[in-house]
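S.K.: Following the hints, complete the assembly by docking chain C onto the known chain V.
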Amino acid sequence: MDSDHTGTSRSAPSPIQPQEAVPRIERLEDAELVTQALSGDRGAFGVLVDRYAASVRRVARAVLGDADDADDAAQDAMLATLLKLKQYDPRRPFGPWLMRVVANAAHDRRRRRKVRRTESLDTTVIAGGEMPDALAHRHALSLRLREALAQLPERRRTAVVLFDVEGYSHAEIGRILGIPEGTVRSEVFHARRALRGILADWKEEV
Amino acid sequence: MMPPESTPFDHRPDPVVGAALRQALAVDGHAAFVARVLARLEERPIVYWDILESWARAGITVTAAALLAGFLISGRPNPTTLEDVLAAGAGDSGRVMLSAVRPPDPAAVLNLAEAR
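Each protein sequence line maps, in turn, to chains V and C.
All residue numbers for the first sequence refer to my numbering, where the first residue is -10 and numbers rise by one.
All residue numbers for the second sequence refer to my numbering, where the first residue is 67 and numbers rise by one.
Chain C with its partners taken away, still in its complex shape:
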């Protein structure tokens, strides 16, 4: 028997309409559907990148900073000792330039370079 006509103020689901709709919208293959969704998930590893994004972003930043620092440290030329400079001067010119009070004449620097 049909329950009395409902009103917009009914708070409870209508069991007759509900049962009829449940029947009408019934879908088979529950297990197959679940398996299909999970299989699709396996094909999309990118999904997990998104999930891990929150902490991965911080991790990537730290890694990038560490790499940059490492590059800067290892990429800098080896520190040159005073003895190296003087030896490279191949004479007294370099020693004079280093001990001079005033800046050297650019022509003298070029001559030194040419001499090497």
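With the rest of the complex left out, here is chain V:
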């Protein structure tokens, strides 16, 4: 299952998967899962990990660039979350609280290590041989976007990913990053302008 999370509260199960088929624990709200995890239920924590893994990994990748580094940071953040779980206020949405831990973990990792550019151009894309054209184009565009993201200041790229990809509000992102809401708006706006420029150029080239 490629679990994904958008927004700040538990989304309803997919209509493709009838509720009866979903194990009871997976239907629980985040706050209920946190309570169970705090009482020692590893299964409950596993559901939280599964529910948020995709978002956590994307945000970590936006901060760090390198996918392996990002996964290490995402793992550290998930484990740190369990340690800090008793600090979580169940009256507030879990997502922004988790993302704050993730953003901090990724930021710390980035500061500790000089981020290396391990992203090498895919030779099959360059050669234009083995991949179908559409797939090759998507890969190339993704690569260009990741490069563009890497050029943006860390706070700016984190803000745009949290807003446009993960669906958090400006106010929530402000709390996640510890900056005023107005600054978040400005960061998202400038990041979008840079990324839209690349997307527009790309469409012209293709």
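Worth flagging that the hints you see were computed from the coordinates, not collected in a lab.
Small disclaimer: the values here were computed from a predicted structure and weren't measured.
In this text, a Cβ means the ideal position worked out from N, Cα and C, and glycines have one as well.
Do not take every clue at face value.
As the list claims (entries may be wrong) - So the derived list for chain C, only partly shown, Cβ under 10 angstroms to chain V, looks like this:
| no. | residue |
| --- | --- |
| 1 | P79 |
| 2 | L87 |
| 3 | V93 |
As the list claims (entries may be wrong) - These stretches of chain V come out as covered by chain C in the derived footprint (C-beta under 8 angstroms, 3 or more residues):
| no. | region |
| --- | --- |
| 4 | 18 to 25 |
| 5 | 29 to 41 |
| 6 | 53 to 60 |
| 7 | 63 to 76 |
| 8 | 126 to 132 |
| 9 | 141 to 155 |
| 10 | 174 to 183 |
M.R.: Leaving out everything else, chain C in the frame of chain V:
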């Protein structure tokens, strides 16, 4: 087609930028990642000590107090009866000392101890 240029006052996510970024930041191996995190969790039982810390601290305090009380009770010498003291005196000296109004002469106590 690209939507119109956004402004800092947009409240909604930009679907074009969002979809492109989602694609660019896509990561494979969701199930493997979840399994990896949970496996790492199994390797770190210390994590659960932290979770249990809140109630364990109180439990440890109570246990420590109970142990201390038990030690104090069991560690005290058995109460000595008057008969034991008198028998240990091996004569009248001990009886005299116990019945005396004034404190005994230290020399007499030492003599008694030497006699034993």
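S.K.: Next step is simple, just say for each hint if it's right about the structure.
M.R.: Right, here's what the structure says about each hint:
1. The interface hint given for P79(C) holds, since its Cβ lies 5 angstroms from the closest Cβ of chain V, which is under the 10 angstroms cut-off.
2. With its C-beta approaching chain V no nearer than about 5 angstroms, L87(C) sits inside the 10 angstroms limit, and its interface hint holds.
3. At its closest, the beta carbon of V93(C) sits 5 angstroms from a beta carbon of chain V; the interface hint therefore holds under the 10 angstroms criterion.
4. Counting residues of the region 18 to 25 of chain V whose beta carbon lies closer than 8 angstroms to any beta carbon of chain C gives 0, which falls short of the minimum of three for the stated coverage.
5. Here the region 29 to 41 of chain V counts 6 residues with a CB under 8 angstroms from a CB of chain C, which clears the bar of 3, and the coverage holds.
6. Requiring three or more residues with a Cβ within less than 8 angstroms of a Cβ of chain C, the coverage given for the region 53 to 60 of chain V holds, as 3 such residues are present.
7. Note: the region 63 to 76 of chain V has 8 residues with beta-carbon separation from chain C under 8 angstroms; the three-residue rule is met and the coverage holds.
8. By the rule of at least three residues with a Cβ nearer than 8 angstroms to a Cβ of chain C, the coverage given for the region 126 to 132 of chain V holds, with 4 such residues.
9. Closer than 8 angstroms: that is the beta-carbon criterion, and the region 141 to 155 of chain V has 5 residues meeting it against chain C, so the requirement of 3 holds.
10. Given as covered by chain C, the region 174 to 183 of chain V passes the check, having 6 residues with a CB less than 8 angstroms from a CB of that chain where 3 are the minimum.
Hint check: a violation occurs at hint 4 only; the rest are consistent with the structure.
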